[in-house]
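Those sequence lines, one after another, are chains A and B.
Here the first sequence stands for residues 1 to 155, numbered as in the numbering used here.
Here the second sequence stands for residues 1 to 202, numbered as in the numbering used here.
Source of the hints: derived by calculation from the structure; they are not laboratory data.
Here a beta-carbon is modelled for each residue, glycine too, at the ideal position from N, C-alpha and C.
Honestly, I wouldn't trust all of these hints.
Derived pair list, reagent style BS3-like, types lysine-lysine, alpha-carbon separation capped at 27 Å [what the hints assert, rightly or not]: (1) B:Lys32 / A:Lys32; (2) B:Lys30 / A:Lys93; (3) B:Lys135 / B:Lys102; (4) A:Lys93 / B:Lys32.
Far from chain B, some chain A residues (derived; all Cβ distances over 10 Å) [claimed, not checked]: (5) Asn52; (6) Asn59; (7) Ser69; (8) Ser77; (9) Lys79; (10) Gln92; (11) Leu94; (12) Thr97; (13) Lys100; (14) Lys124; (15) Asn125.
For the chain B half of the interface with chain A, some residues (derived, Cβ under 8 Å), not all of them [as the list claims (entries may be wrong)]: (16) Asn2; (17) Asp34; (18) Leu36; (19) Leu37; (20) Gly110; (21) Gly112; (22) Gln114; (23) Asn115; (24) Gly125; (25) Asn139.
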Amino acid sequence: MGKMKGLKIVLVVLAVVFVLVVVKLSYKNGFKQDAANAVDAVVNNNFMIPVNELENTENQFFVVDLNESGSSQFKNSLKIPFEELLDESTLQKLKNTENKILLVSADISMSAKAWVILNQLDFKNVFILSNEENPEVLKYKFQPDTKARLESDSE
Amino acid sequence: MNARIKITVLLIGLGILLAFMPNPSTKTFKLKPDDLLEKSISDEMYFSVDQVARFVNTEDSTIQLIDLRSADEFIECNIPGAVNIPFDDLLNPNWSVYFSQKDMRIVFYGNGDQNANVAWTIATGLGTENCYVMKGGLNEWFKTVMLTNFEGEKITPRENALFENRYKARDIFTQINSLPDSLKTKYFDAKRLQREKLDGGC
Chain A
1 MGKMKGLKIV LVVLAVVFVL VVVKLSYKNG FKQDAANAVD AVVNNNFMIP VNELENTENQ
61 FFVVDLNESG SSQFKNSLKI PFEELLDEST LQKLKNTENK ILLVSADISM SAKAWVILNQ
121 LDFKNVFILS NEENPEVLKY KFQPDTKARL ESDSE
Chain B
1 MNARIKITVL LIGLGILLAF MPNPSTKTFK LKPDDLLEKS ISDEMYFSVD QVARFVNTED
61 STIQLIDLRS ADEFIECNIP GAVNIPFDDL LNPNWSVYFS QKDMRIVFYG NGDQNANVAW
121 TIATGLGTEN CYVMKGGLNE WFKTVMLTNF EGEKITPREN ALFENRYKAR DIFTQINSLP
181 DSLKTKYFDA KRLQREKLDG GC
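Model the full structure from these sequences, guided by the hints.
What follows is the structure, encoded as structure tokens:
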């Protein structure tokens with residue numbers, strides 16, 4: 001009887017731990033991807049397309065215009081305001097397309113944020129359109145103040 | 001014998017549970033998609049370069065600037081007070097000391113807007129609170145702060161305050177970034193040690 005009681009206690013503990021693990025694993029907030037995937041894509045430049053490379057390849061993309069107002073520069077684009085990005089109908093359209101998805105907006109900040117969200121929701125082949133070849137280039141050169149330089153540089 | 005059976009059952013059970021646990025090295029977003037989108041839409045995630053200039057001038061200790069550019073770009077010039085976390089190293093656990101301070105406001109910047117906004121979205125998605133972006137990046141900083149020049153006959157008090165703020169930040173930026181590289185490195189190390197001391201480090 002005592003032996004069975006001890007074994008029961010062990011089994012109860014295991015069952016409680018098992019339930020806690022199942023509860024934690026079953027909580028899904030929709031995001032499936034590893035954040036490192038997003039970082040790698042940006043580092044390897046696998047997520048941005050400069051506008052000058054878009055010529056003649058526009059038809060390969062399902063263009064999503066995130067701007068709230070104004071007409072799109074692309075003929076066959078789908079206008080989806082940024083705040084409606086996660087609507088069920090929007091996500092269904094994005095899932096149904098066989099083309100690569102191109103996010104377009106007047107401000108690259110908006111496209112960049114939308115791209116991360118879709119990337120982490122496990123949408124593949126999503127890109128953002130950039131008006132510049134490399135939007136992360138510093139356009140200015142810093143000129144040090146030579147009057148501030150010391151006579152000897154202590155190494 | 002009974003103790004052995006109990007321990008065996010316990011260990012086998014824990015082993016099975018561990019086998020089905022998710023990989024702790026993967027980092028998935030903790031925020032819900034709708035919550036992340038709501039934060040992304042808000043303009044409150046941005047600081048203007050004038051606001052950052054004020055933080056620099058007042059040495060606001062509640063602000064931590066994060067420079068996402070490469071180490072070479074950082075050493076050439078950076079906003080005083082910034083810490084260099086290259087974008088490709090963003091998820092390195094060694095930087096967690098900067099992202100775990102709940103009383104600090106973290107402000108990302110790059111040369112433009114792209115990387116800073118991606119970093120903000122990732123950090124916020126992973127659960128880091130109080131993240132912001134310096135709108136326009138260093139390009140906007142140069143355009144607005146470094147190259148600021150009042151042209152006109154009369155200046156309003158508001159404009160005067162604005163330009164004073166920019167001029168002071170420009171001077172600080174120029175002084176710090178004009179230091180020889182060795183002194184710059186010492187300055188950055190001193191700032192980093194100061195930060196670690198505030199965190200209770202050695």
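To see whether the hints hold, each was checked on the structure:
no.: 1; hint: B:Lys32 / A:Lys32; result: holds, 11 Å
no.: 2; hint: B:Lys30 / A:Lys93; result: holds, 25 Å
no.: 3; hint: B:Lys135 / B:Lys102; result: holds, 22 Å
no.: 4; hint: A:Lys93 / B:Lys32; result: holds, 21 Å
no.: 5; hint: Asn52; result: holds, 17 Å
no.: 6; hint: Asn59; result: holds, 25 Å
no.: 7; hint: Ser69; result: holds, 15 Å
no.: 8; hint: Ser77; result: holds, 20 Å
no.: 9; hint: Lys79; result: holds, 16 Å
no.: 10; hint: Gln92; result: holds, 15 Å
no.: 11; hint: Leu94; result: holds, 13 Å
no.: 12; hint: Thr97; result: holds, 19 Å
no.: 13; hint: Lys100; result: holds, 19 Å
no.: 14; hint: Lys124; result: holds, 17 Å
no.: 15; hint: Asn125; result: holds, 17 Å
no.: 16; hint: Asn2; result: holds, 5 Å
no.: 17; hint: Asp34; result: holds, 6 Å
no.: 18; hint: Leu36; result: holds, 6 Å
no.: 19; hint: Leu37; result: holds, 5 Å
no.: 20; hint: Gly110; result: holds, 6 Å
no.: 21; hint: Gly112; result: holds, 4 Å
no.: 22; hint: Gln114; result: holds, 5 Å
no.: 23; hint: Asn115; result: holds, 6 Å
no.: 24; hint: Gly125; result: holds, 6 Å
no.: 25; hint: Asn139; result: holds, 5 Å
The structure fails none of the hints (numbered hints given earlier).
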